[in-house]
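Colleague: Single-letter residue listing:
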Amino acid sequence: MKRKVQYLTIILFLIFIFGLAIANVFIVDKSFSANENRYLASMPEISLDNIFNNDFDEEFDTYFNDQFIFRDQWIMLKSLYQQVTLNIANNEVYYAKDQNLISQELSYNEALVENNIKYINNFVSQYPKVNFMLIPTAALINKNLLPMFSYNYDQLAVINQAYSNIEANNINLVDSLLKEDDIYFKTDHHWNEKGARIGYEAICDQVLNKEPNNFNYQLVADDFKGTLLSRAGTFWYEGDNIYHIEPENSIQVEMQIDQDEKIYDSIYVDEALDTKDKYTYYEGGNHAYVKINTSLNNGKKAFIIKDSYAHILIPYLISEYEEIEMIDLRYFRQDLKEMIEENDDIYIIYSVDSFITDTNFVFLN
Amino acid sequence: MVFSSLVFLFAYFPITLFIMKIAPIKYRNFILLIVSLFFYGWSEPKYIILMIISCIVNYYFGHLITIKKNDAKKILVLLVIFNLGLLGFFKYYDFFVGIINSLGINILKPLNIPLPVGISFYTFQAMSYPIDIYRNQADEQKSLVNFMCYVTCFPQLIAGPIVRYKDIAKQLESRIESADQFYEGIIRFVNGLAKKVLLANNAGILWEAISATSQDQMSTALAWLGIIAYAFQIYFDFSGYSDMAIGLGKMFGFDFLENFNYPYIASSITDFWRRWHISLSTWFKDYVYIPLGGSRHGMLMTCRNLLIVWILTGFWHGANWNFVLWGLFYGLILIFEKVIGLKLLKKCPSFIRHGYALFFILIGWVLFAFTDISSIIEYLKIMFGHQVLVNDLFMYYLRNNIFLLIVCTLASTPIIYTSLNPLKHNRNLEMLAPVWIIVIMLLCVAFICDATYNPFLYFRF
Numbered sequence: 001m002k003r004k005v006q007y008l009t010i011i012l013f014l015i016f017i018f019g020l021a022i023a024n025v026f027i028v029d030k031s032f033s034a035n036e037n038r039y040l041a042s043m044p045e046i047s048l049d050n051i052f053n054n055d056f057d058e059e060f061d062t063y064f065n066d067q068f069i070f071r072d073q074w075i076m077l078k079s080l081y082q083q084v085t086l087n088i089a090n091n092e093v094y095y096a097k098d099q100n101l102i103s104q105e106l107s108y109n110e111a112l113v114e115n116n117i118k119y120i121n122n123f124v125s126q127y128p129k130v131n132f133m134l135i136p137t138a139a140l141i142n143k144n145l146l147p148m149f150s151y152n153y154d155q156l157a158v159i160n161q162a163y164s165n166i167e168a169n170n171i172n173l174v175d176s177l178l179k180e181d182d183i184y185f186k187t188d189h190h191w192n193e194k195g196a197r198i199g200y201e202a203i204c205d206q207v208l209n210k211e212p213n214n215f216n217y218q219l220v221a222d223d224f225k226g227t228l229l230s231r232a233g234t235f236w237y238e239g240d241n242i243y244h245i246e247p248e249n250s251i252q253v254e255m256q257i258d259q260d261e262k263i264y265d266s267i268y269v270d271e272a273l274d275t276k277d278k279y280t281y282y283e284g285g286n287h288a289y290v291k292i293n294t295s296l297n298n299g300k301k302a303f304i305i306k307d308s309y310a311h312i313l314i315p316y317l318i319s320e321y322e323e324i325e326m327i328d329l330r331y332f333r334q335d336l337k338e339m340i341e342e343n344d345d346i347y348i349i350y351s352v353d354s355f356i357t358d359t360n361f362v363f364l365n
Numbered sequence: 001m002v003f004s005s006l007v008f009l010f011a012y013f014p015i016t017l018f019i020m021k022i023a024p025i026k027y028r029n030f031i032l033l034i035v036s037l038f039f040y041g042w043s044e045p046k047y048i049i050l051m052i053i054s055c056i057v058n059y060y061f062g063h064l065i066t067i068k069k070n071d072a073k074k075i076l077v078l079l080v081i082f083n084l085g086l087l088g089f090f091k092y093y094d095f096f097v098g099i100i101n102s103l104g105i106n107i108l109k110p111l112n113i114p115l116p117v118g119i120s121f122y123t124f125q126a127m128s129y130p131i132d133i134y135r136n137q138a139d140e141q142k143s144l145v146n147f148m149c150y151v152t153c154f155p156q157l158i159a160g161p162i163v164r165y166k167d168i169a170k171q172l173e174s175r176i177e178s179a180d181q182f183y184e185g186i187i188r189f190v191n192g193l194a195k196k197v198l199l200a201n202n203a204g205i206l207w208e209a210i211s212a213t214s215q216d217q218m219s220t221a222l223a224w225l226g227i228i229a230y231a232f233q234i235y236f237d238f239s240g241y242s243d244m245a246i247g248l249g250k251m252f253g254f255d256f257l258e259n260f261n262y263p264y265i266a267s268s269i270t271d272f273w274r275r276w277h278i279s280l281s282t283w284f285k286d287y288v289y290i291p292l293g294g295s296r297h298g299m300l301m302t303c304r305n306l307l308i309v310w311i312l313t314g315f316w317h318g319a320n321w322n323f324v325l326w327g328l329f330y331g332l333i334l335i336f337e338k339v340i341g342l343k344l345l346k347k348c349p350s351f352i353r354h355g356y357a358l359f360f361i362l363i364g365w366v367l368f369a370f371t372d373i374s375s376i377i378e379y380l381k382i383m384f385g386h387q388v389l390v391n392d393l394f395m396y397y398l399r400n401n402i403f404l405l406i407v408c409t410l411a412s413t414p415i416i417y418t419s420l421n422p423l424k425h426n427r428n429l430e431m432l433a434p435v436w437i438i439v440i441m442l443l444c445v446a447f448i449c450d451a452t453y454n455p456f457l458y459f460r461f
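Listed in order, the protein sequences are those of chains A and B.
Number 97 in this note's numbering belongs to position 97 of the first sequence; there are no gaps in the numbering.
Number 59 in this note's numbering belongs to position 59 of the second sequence; there are no gaps in the numbering.
So that you can see chain B by itself, here it is in the shape it has in the complex:
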């Protein structure tokens, strides 16, 4: 189930909210677990079992580490193997079989099993628990229900933010649900919904149309417009989802950490990755980069560690070469920045720094958007030196999406939020909050309905 669907908004959500609010406090984690499992199982009921197994095993590992301090390291190795094995099997098995087969060794067959939704997110989340215990950063959770509630908690189950156990351990035991927090949650959720439905989806339609345009109708300007639309789509989709998750969390008394911080106003790629999908880069930093030695063992080792982390980060995004390439691309730029780039950038005027960052972010999105390498090369070719610079089709798309593009640009910067955000202690503006949420909800429902609206031009069969 996705948040931006009518089924979620007008069936699952009101029922869940009602049950959660009338339930006695001490049963709320249990009920949250049940509704989360239902949420998860809605589209793929069989995979509920997989998630439950993952939870129970990691919970048990946490227990083992607590009682067998001497063997903790061995247990840690086992639990990493278990979790990565699970993720590897469901997410990467077919990819590796494909590689082996392409080498001419046909011993294994691809299984073509559908990817369990959210497995990349909940695996990372579940395994952070025993690791945090191992590092003495968290205590053992006495209740399996609480632990499962943490892993399966439906607001962040499918697309993050990835919550580290130590960040939320206290809230599992007790949390305060106040009207203040509920109000903040509503604003946050509605803003996230608007990002997803009004911005990301429409930017996505633009990107879909442009990326499907035939060669002879393309132009350089159109290719750039396309990848900018894609950049907006992926940012508002993802950060909108995080906003909705954080907002829903607040409604139920949780405080999740922020996941995005205006990534497109970054002044370097290093800065971009501090602002983009923060919970993922933090996770990799905490659980991969630092254990590898981080930047403590000289420049050479630092570069090695960066490369490893970024290839893994890329690969985490999907079982395909282009994601590895995308990770490698960022790894190399980050190494460059670490060695010399940041010093150079410091001397540049601000618009060059931002231009530089945006340029590479957009190139990065080309690598991310196409799963086959030949399409990537083709698209880059159009972006850099197609014989047609600007064409009528570009003018049409620009004209028809001008409002969307302006709003997306503004919403990528803190301008709107700092000057308009009702949460920012501006009493007069806060008066607009009720109007704002109603207008946005109305528009979002209108767009969600329209997306399923299919008028047939011709006679019905």
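Next comes chain A alone, as it looks inside the complex:
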């Protein structure tokens, strides 16, 4: 009896090691990982020079890891193990209630925040009126969904610090967001169409002084698996919904990205719905510069300095402006002064998570 178990153990072990090793040789290399949003390493060149003078071993190691068979399934197994063994977070993402995923930030760089406040104030002082919107993240608004004993930096303190020190028209959002549920994607860090609608209402109330318009929502995808899901490795979670947001009074738009020649006739990029990052459905994701012209003839122009949270706000704002220019400081390297026109409504729209980590506010000046 004993011997049989021993042989079985040996055989299983050998099958496991040799089976995976051999199967791994035959799988075809991938060039891009959608889950990780990065290019995977390819086989390094085998040459004496590479082996003796360069880091062939490390390159090969990276290649072997990146291209290892069943990579996503292994990641998923680890996440599953973390859940089963009572962890409340995996890869800095909390397993929150009802299959919500919420990003974990234990601390932030106070000096960076102070600098960012300084840069923004410097910018604000050069224009008659700048509207500043800090969008809280789910870690603050969905605190009640977080598991017990979870920990995040005090986001409210950061917002208060920013709003009491930045001399702009600061748009208050926290209270109205706290009143609603389901305003963030469950699997992604961004706010969803419902959250952005509250942001739009706050703009109507605190900037434009008007009643908000009405919109129709059309479901275009129900399997958006966002970046938090990729990080947490919970690939078995259900995806989120993506909506096409249409103003009740139909509006024609033209969108131009990065001063390219191509003109889109919509702010929505349908191809994005076939990719993994479906949030890029809204204006095609991150670009240095996006210009949108609408069929409104009201002469109103918006100039928006933003992170990606603003992308889902644009469908609402096109019902208010004849022209919207949107720049991303991470990529945009032209002089802002020349871009901003006198009667533009200037907005700075950032999520708190970007605000505490982004080092590009220096380019405001």
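Rather than coming from a laboratory, the hints here were simulated on the basis of the structure.
A couple of the hints might just be wrong.
[Said to hold, decoys possible] Below, computed lysine-lysine pairings styled on DSBU-like, alpha-carbon distance capped at 35 Å:
#: 1; chain 1: A; residue 1: K30; chain 2: A; residue 2: K262
#: 2; chain 1: B; residue 1: K285; chain 2: A; residue 2: K30
#: 3; chain 1: A; residue 1: K276; chain 2: A; residue 2: K262
#: 4; chain 1: A; residue 1: K300; chain 2: A; residue 2: K210
#: 5; chain 1: A; residue 1: K143; chain 2: B; residue 2: K381
#: 6; chain 1: A; residue 1: K179; chain 2: A; residue 2: K129
#: 7; chain 1: B; residue 1: K46; chain 2: A; residue 2: K4
#: 8; chain 1: A; residue 1: K4; chain 2: B; residue 2: K381
#: 9; chain 1: B; residue 1: K285; chain 2: B; residue 2: K74
#: 10; chain 1: B; residue 1: K74; chain 2: B; residue 2: K91
#: 11; chain 1: A; residue 1: K30; chain 2: B; residue 2: K46
#: 12; chain 1: A; residue 1: K4; chain 2: B; residue 2: K21
Got chain A; can you put chain B on it based on the hints?
Modeller: Just chain B now, kept in the frame of chain A:
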């Protein structure tokens, strides 16, 4: 190459195993030598030459001692100088230059050469051969291949256990490779892999996070949790590696000596050092402490010898002051125990003895973990009297790692092994062995893959 990497597990290991098992017995040492050199040269091919030189010179010293019995003592001095010179140059040169420079004498420049992996281990191993011959504890090895195979043998090449020549001389000539032993090797290897990947690495992540926490987020409880995590990390990392080495050794027919024996259940520091990194303390005892006279020449000399051995032991762990301090710390405690401590401890109830040992082991790890003295002092300050005793961050780390901490605690004691170890003649439990190895292997591969998993939140450039 490390055992807990995909390249090792699914490329190097299966190929090596296959070649070794199909090769005719008489060529196996030679093949083991070749695959070991490949293993070693994988990350730093140039240093293969250094290791080969070390092997050949020590082999030759062994030969010289055998044929020139009259001059054996002189040869012994030469070989010690050669080996320590080699180790000293590659491991400690920059450290000493740093000391000299700090005294204001700028005649030498640090070389910044990378430390050859495993040099501390293979140097000790290689030099034990001529010394054992000198002491008539071993006969001359007739085959250079066999000798090199002993020094470079890949399972224990990089992180031990340090094998003494006399312990393995017979196995180099002939060894039996049986299914029984292969099976034991698998269990041992898989358990070691689990210790490293599932326990040590995760405890390490916890320690990394806590030791990088800013002062204003620290609390006394958090500092203690941090150093406990570090204690788990270093133990499971090291003993896991030894288990994997012993397991691989068994698969190829070797029997290496044990290196750890549940060090954290020690009832005194003396006891701890009988249980921790046994092959190293045995080596120092055999080749330094006893030649110095051991404890045969009165209390004063014994204390001197202990201090020398422990400062050297500390220094062996790394070229830095904190390791010297760490060695000195243990030297002093061991002297204390030798003089009076053990007698006092005997009168204490068991929980005090264990508490005492664990307390000093943890303080020791603070000295070991930080290479600069000011960080050590800062961390100790938080451990003993920070204004905040417990904070939310501590509660989070405790909550998120509770399972890990419980498993680590249990695995530090013999409880699991004695009651669950399939090798312990429990037939019913042995039925679990195949399930156990598959589950553990699956989880380990999952964790190894996850460690290289890097989702980028933002747009690719």
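Colleague: Within a Cα-Cα threshold of 35 Å, do B:K46 and A:K4 meet the stated pairing?
Modeller: Violated, at about 46 Å.
Colleague: Need the status of pair B:K285, A:K30: alpha-carbon distance at most 35 Å?
Modeller: violated, 54 Å
Colleague: Given the hint that B:K74 pairs with B:K91, does the C-alpha gap stay at or below 35 Å?
Modeller: Holds, at about 25 Å.
Colleague: Does the alpha-carbon distance linking A:K276 and A:K262 stay inside the 35 Å limit?
Modeller: holds, 24 Å
Colleague: For the pair supplied as a hint, A:K4 and B:K381, confirm whether the alpha-carbon distance does not exceed 35 Å.
Modeller: violated, 57 Å
Colleague: Between A:K4 and B:K21, does the CA-CA distance stay at or below 35 Å?
Modeller: holds, 21 Å
Colleague: Given the hint that A:K30 pairs with A:K262, does the C-alpha gap stay at or below 35 Å?
Modeller: holds, 30 Å
Colleague: With a cut-off of 35 Å on the C-alpha distance, tell me whether B:K285 and B:K74 pass.
Modeller: holds, 22 Å
Colleague: Quick one, are A:K300 and A:K210 close enough, alpha carbons at most 35 Å?
Modeller: holds, 14 Å
Colleague: Holds or violated: are the alpha carbons of A:K143 and B:K381 at most 35 Å from each other?
Modeller: Within the cut-off at roughly 34 Å; holds.
Colleague: So if I understand the rule, the pair passes when the alpha-carbon distance is 35 Å or less; does A:K30 with B:K46 pass?
Modeller: Roughly 33 Å separates the two Cα atoms, so the pair holds.
Colleague: Between the alpha carbons of A:K179 and A:K129, is the straight-line distance 35 Å or under?
Modeller: Holds - the C-alpha atoms of A:K129 and A:K179 are around 29 Å apart, at most 35 Å.
In this structure, the earlier hints numbered 2, 7 and 8 are contradicted, and the remaining ones agree with it.
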